[in-house]
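*Asks:* Sequence:
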Amino acid sequence: MSMNKPMPAPTEISAPFWNALKEGVLRIPHCTACGHWIFYPRRHCDRCFSHAVEWREVSGEGQLYSYTVARIPTLPDFADEMPQKLAVVELDEGVRINTTLVGVDEAEIRVGMRVKAVFDKVRADGATLLRFTGAEKDFPARLDSTPEALAAATDAKVTAEIAATSVRQVRFDDEAAMKSLVSDVFTPWSSKVVVDQALIDEFARLSGDDYWIHTDPERAAKQSPFGGTIAHGALVQILQSRLKMPLGFEVTGFNNMVNYGSDRLRFPAPVPAGSRIHARARVKSVEKLAKGMQLTLEVTTHVVGNDRPSVINDLVILYM
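In full-length UniProt numbering, the protein residues as written are 1 to 320.
Hints were generated in silico from the structure; no laboratory data involved.
Check the hints yourself; a few may be wrong.
[What the hints assert, rightly or not] The list that follows gives simulated cross-link-like pairs (lysine-lysine, BS3-like), each with its CA atoms no further than 25 Å apart:
id : residue 1 : residue 2
1  : Lys222    : Lys5
2  : Lys291    : Lys179
3  : Lys121    : Lys22
4  : Lys288    : Lys179
5  : Lys179    : Lys244
6  : Lys157    : Lys137
7  : Lys121    : Lys5
8  : Lys291    : Lys244
9  : Lys22     : Lys5
10 : Lys22     : Lys116
11 : Lys157    : Lys179
12 : Lys244    : Lys157
Just need the whole structure built from these sequences, with the hints factored in.
*Replies:* See the structure below:
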């Protein structure tokens with residue numbers, strides 16, 4: 001999930017709605033003069049025009065009024081959510097709310113189906129979005145979809161998968177065995193790392209590259225073509241070392257292993273601040289040299305959900 005996704009901006013009028021969502025509660029305005037429920041939030045009743053309006057907690061249950069499935073992201077930052085099940089839900093109180101459905105397959109969605117509220121925390125500051133799922137679904141009422149939580153969950157999953165997978169051991173001096181690793185097929189995806197603004201700022205401090213497109217979110221929001229700050233390409237390349245990648249093989253028998261550089265290094269797509277990145281790899285070539293065995297590993301790093309890589313790195317490793 002990218003932190004550059006447009007988020008609701010609470011106002012003086014709507015703040016009670018958003019603050020309640022942080023607590024895992026749905027509150028909407030109610031007119032004490034005529035008993036009418038109101039949404040979107042207003043200072044007055046849209047039926048009798050009374051200002052006798054108060055916020056009341058509701059159950060969050062209702063029915064699906066309408067929906068559509070979006071398969072192409074409206075912005076690149078939403079690529080990790082495709083396909084989105086966009087919906088209008090009519091609460092039992094009669095008001096209708098724009099939302100998204102979670103925890104339901106497309107084949108299960110029916111206009112008129114009963115639904116219930118799900119409170120999805122999407123930022124570390126507690127910002128929460130209201131989503132809905134099927135009323136009969138055994139689905140959590142509260143989610144943590146912050147980039148940090150999603151990355152941690154994936155990291156644990158990939159770690160378990162790697163531990164449970166048998167790894168082929170190949171001696172570095174067995175030329176035929178080493179060359180058999182060459183493939184056009186990439187590995188499964190690695191674990192994920194969150195590239196947040198704090199990490200970008202720390203890299204800027206260490207590297208001295210403090211160009212505003214990386215370090216000034218306010219200016220970048222106004223002037224950058226990316227809608228916000230982006231990570232340095234070199235930072236994203238370095239973060240490959242933090243990704244747990246299921247290569248499926250282990251080179252053995254060598255005395256020393258040297259990162260010999262890169263045959264090719266490209267930065268085709270930006271990494272917006274707050275994005276999750278992951279990578280996959282393939283052995284591109286193996287060459288026997290006088291000093292040892294040289295393996296070129298093509299590593300492509302992507303923002304989660306993006307087909308276009310953010311970094312292409314032909315990493316050259318020398319085993320001696």
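*Asks:* Look at each hint and say if it fits the structure.
*Replies:* We went through each hint and held it up to the structure:
1. For the hint pairing lysine 222 with lysine 5, the CA-to-CA distance comes to about 15 Å; that is within 25 Å, so the pair holds.
2. The straight-line distance between the Cα atoms of lysine 291 and lysine 179 is roughly 17 Å, inside the 25 Å bound, and the hint therefore holds.
3. For the given pair, lysine 121 sits about 7 Å from lysine 22 by alpha-carbon distance, which is consistent with the 25 Å threshold.
4. A C-alpha spacing of about 9 Å is found between lysine 288 and lysine 179, which places the hinted pair at or below 25 Å, so the restraint holds.
5. Taking the CA atoms of lysine 179 and lysine 244, the gap is about 23 Å. The hint holds against a cut of 25 Å.
6. At most 25 Å may separate the alpha-carbon atoms for a hinted pair to count; lysine 157 and lysine 137 meet this at roughly 24 Å.
7. A distance of roughly 14 Å separates the Cα atoms of lysine 121 and lysine 5; the hinted pair therefore holds under the 25 Å criterion.
8. In summary, the hint linking lysine 291 to lysine 244 is not supported, as the alpha carbons are separated by about 29 Å, beyond the 25 Å threshold.
9. The straight-line distance between the Cα atoms of lysine 22 and lysine 5 is roughly 18 Å, inside the 25 Å bound, and the hint therefore holds.
10. Pair hint lysine 22 plus lysine 116 holds up; C-alpha atoms about 17 Å apart against a cutoff of 25 Å.
11. Between the alpha carbons of lysine 157 and lysine 179 the distance comes to roughly 30 Å, so the proposed pair goes past 25 Å and is violated.
12. Of the supplied pair hints, the one linking lysine 244 and lysine 157 holds, its CA atoms being roughly 11 Å apart against a limit of 25 Å.
The structure fails hints 8 and 11 (numbered hints given earlier, in ascending order).
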